[in-house]
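Asks: Here is what each chain is made of, one letter per residue.
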Amino acid sequence: MSIRRQCYEWRNVGESNHFTITPPAVAVNDCDDVVLNRYPISAVSYKLGLSSEKIFWKIVPIAPNQVVDIFNGGIGNNLDIPGQLKAYQFIVLDGIAVYPETFNAQVIVNTTRYFQDPDGVPSRLGGVSGRVVPYPIGALSSYPPNPNRAVQLQNSIKDGLQPPIIIKPGDRWSVEVKNNSSSSFPYGTEIQIKRGTDRKVARCYIKYLLIDGADCIVAQRLIDAGWPLTVENLWRYKQDLIKSHLYASMAELPEAIKNARRKV
Amino acid sequence: MAIRKQIYTWEINGDNTSGRLADSPYGTHYPPPGIEHSILYGAYGNVQDGRQTGLVKEDDFIVIESVSCTPGISPYGFRVDSANNLIKWTPNIFVNIIIDTTNYYQDPQNVWSSGVSGFASPYPRQTRDEPYYELWPPIYVLPDQTIDIRYTLFNDLQLSAESGEWENIPDSTMLAAVYVEYTHYDGTDAMMARKLMNLGIPVTVGTVENYRRLLLKSKGLETETFDFYLEAMRSERERRKRERKNQGVATQQDYDGDL
Numbered sequence: 002m003s004i005r006r007q008c009y010e011w012r013n014v015g016e017s018n019h020f021t022i023t024p025p026a027v028a029v030n031d032c033d034d035v036v037l038n039r040y041p042i043s044a045v046s047y048k049l050g051l052s053s054e055k056i057f058w059k060i061v062p063i064a065p066n067q068v069v070d071i072f073n074g075g076i077g078n079n080l081d082i083p084g085q086l087k088a089y090q091f092i093v094l095d096g097i098a099v100y101p102e103t104f105n106a107q108v109i110v111n112t113t114r115y116f117q118d119p120d121g122v123p124s125r126l127g128g129v130s131g132r133v134v135p136y137p138i139g140a141l142s143s144y145p146p147n148p149n150r151a152v153q154l155q156n157s158i159k160d161g162l163q164p165p166i167i168i169k170p171g172d173r174w175s176v177e178v179k180n181n182s183s184s185s186f187p188y189g190t191e192i193q194i195k196r197g198t199d200r201k202v203a204r205c206y207i208k209y210l211l212i213d214g215a216d217c218i219v220a221q222r223l224i225d226a227g228w229p230l231t232v233e234n235l236w237r238y239k240q241d242l243i244k245s246h247l248y249a250s251m252a253e254l255p256e257a258i259k260n261a262r263r264k265v
Numbered sequence: 600m601a602i603r604k605q606i607y608t609w610e611i612n613g614d615n616t617s618g619r620l621a622d623s624p625y626g627t628h629y630p631p632p633g634i635e636h637s638i639l640y641g642a643y644g645n646v647q648d649g650r651q652t653g654l655v656k657e658d659d660f661i662v663i664e665s666v667s668c669t670p671g672i673s674p675y676g677f678r679v680d681s682a683n684n685l686i687k688w689t690p691n692i693f694v695n696i697i698i699d700t701t702n703y704y705q706d707p708q709n710v711w712s713s714g715v716s717g718f719a720s721p722y723p724r725q726t727r728d729e730p731y732y733e734l735w736p737p738i739y740v741l742p743d744q745t746i747d748i749r750y751t752l753f754n755d756l757q758l759s760a761e762s763g764e765w766e767n768i769p770d771s772t773m774l775a776a777v778y779v780e781y782t783h784y785d786g787t788d789a790m791m792a793r794k795l796m797n798l799g800i801p802v803t804v805g806t807v808e809n810y811r812r813l814l815l816k817s818k819g820l821e822t823e824t825f826d827f828y829l830e831a832m833r834s835e836r837e838r839r840k841r842e843r844k845n846q847g848v849a850t851q852q853d854y855d856g857d858l
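Residue numbers (my numbering), protein chains in the order written: chain A, 2 to 265; chain B, 600 to 858.
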């Protein structure tokens with residue numbers, strides 16, 4: 002039984018297969034593009050640009066118009082299985098952010114895409130863009146390549162997704178990012194990408210409230226009654242529940258019960 | 600008896616060596632990456648002197664309100680000065696909260712995750728930073744529970760040092776940091792906090808102080824205390840009944856005595 006504030010973060014970072022500085026020498030491209038159930042371990046690469054180069058930091062490029070599922074897309078940190086809610090779980094997804102500014106993020110619940118164009122078709126750009134919801138707030142734009150000319154990106158949706166997306170027990174859900182730039186991301190020469198700073202790392206962040214156990218039943222009651230699913234409302238419902246039990250215990254008993262012969 | 604806002608920070612600085620394995624043996628000063636370490640009793644950084652675990656005493660009640668850590672992902676976010684000292688490092692750190700054996704953060708497939716990153720909840724915060732992540736609702740840690748805050752670094756500083764990009768990591772360079780903010784309810788305040796939690800009322804400084812005021816107000820009633828509360832409850836019940844009638848949402852039960 003709990004209400005927990007959760008977050009999940011995806012990055013297009015791979016991992017070297019040979020995480021040691023000692024021989025055997027590591028081939029330049031001997032890296033995994035995907036790392037399951039954790040984040041990749043990285044380090045500054047060894048003798049970059051020389052024949053004895055060893056790569057310990059790998060940013061996986063994302064092609065123009067490529068769509069990547071942040072849970073199971075085969076790039077960066079991934080999960081074993083798709084996101085699916087158990088029978089006693091609710092998710093209230095109220096925050097999403099993406100970087101760089103040319104990337105878009107789309108939330109998918111079962112077969113429905115959340116963001117759509119005015120004609121009712123799922124967003125052709127692939128959802129909300131990193132210009133609207135940059136991650137993190139205040140991040141330097143990825144373009145132009147010169148960091149001195151970059152601008153700081155600010156969040157345009159201050160309150161997050163309101164109303165939030167409610168994902169119900171048994172629902173499958175995922176988040177996709179799409180590169181809407183005409184060139185592969187990260188931009189730059191090979192050596193610039195190999196020495197890439199945070200400006201060259203694509204990332205997506207989601208924030209949600211995970212309601213499980215007995216609180217899931219309370220959440221269902223709130224939905225049935227048409228109340229917004231917020232922490233405050235869940236608390237309020239539980240308070241009322243306790244209060245009504247207290248009142249019930251103080252209520253006058255019906256005559257028949259009051260006068261009934263007591264049994265031991 | 601007190602309610603105290605507490606701040607705990609964990610930091611790790613350089614050891615005045617280059618950080619290479621030959622100068623600083625593996626695992627002696629710098630935490631190995633990819634493994635969780637405690638900020639309370641771990642083997643690295645400025646942990647508490649006694650390295651006690653975070654056991655909440657029987658007359659304590661803790662409400663954790665915020666966790667943050669150093670932001671950044673790329674190991675190439677480092678900076679060196681003119682003397683080739685490392686003056687900035689990006690640890691790629693995540694921070695997690697563990698109550699007894701339960702991990703607070705879990706990923707969408709419902710298994711243990713590394714926690715919240717420094718991008719989502721940055722520390723130290725710069726003027727441009729605005730955290731995305733807010734620990735709401737806060738976490739209650741009850742008496743006799745054990746709390747632990749653990750960090751995981753995903754950038755390997757010592758392997759990076761082998762690249763020869765810097766010659767020294769001075770002890771003035773903060774390499775990674777974790778920040779925790781919580782409210783500590785002690786003694787009778789902890790009892791009141793527990794009572795409020797059992798009643799389903801959020802435990803905040805305001806609600807605990809309000810509860811205390813109510814208790815002080817009823818002080819001196821002695822044997823009449825029970826009657827006082829009973830009467831208070833009855834009058835509240837009547838008020839709610841009247842309110843429901845006025846709002847037109849009363850049920851047959853509310854009209855029982857009138858019909």
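These aren't lab readings, by the way, just hints derived from the structure by calculation.
Please note that a few of the clues may not be correct.
As the list claims (entries may be wrong) - Here are the simulated DMTMM-like cross-link-like pairs (lysine to aspartate or glutamate), alpha carbons at most 20 Å apart as the crow flies:
(1) A:K239 - B:E835
(2) B:K816 - B:E830
(3) A:K244 - B:E842
(4) A:K239 - A:D225
(5) A:K244 - B:E837
(6) A:K48 - B:E764
(7) A:K87 - B:D706
What the hints assert, rightly or not - Restraint-style ranges between C-beta atoms, simulated for each label pair:
(8) A:K169 - B:N809: 33 to 41 Å
(9) B:T608 - A:R237: 44 to 52 Å
(10) A:L126 - B:R678: 34 to 42 Å
(11) B:T608 - A:I243: 58 to 66 Å
(12) A:P229 - B:G626: 44 to 52 Å
(13) B:M796 - A:P229: 39 to 47 Å
(14) B:K844 - A:L126: 49 to 57 Å
(15) B:T700 - A:I243: 24 to 32 Å
(16) B:T806 - A:A151: 42 to 50 Å
(17) B:E733 - A:P145: 29 to 37 Å
Unchecked claim - If we take Cβ atoms under 10 Å as the criterion, some of the chain B residues that face chain A in the derived model are:
(18) V715
(19) A760
(20) V804
(21) G805
(22) E808
(23) R843
(24) A849
This one's a predicted model, so the numbers in the text were calculated from it and none came from an experiment.
Idealized CB from N, CA, C, for every residue including glycine.
Asks: So, against the hints stated earlier in the document, which numbers end up violated here?
Replies: 9, 11, 13, 20, 21, 22, 23, 24
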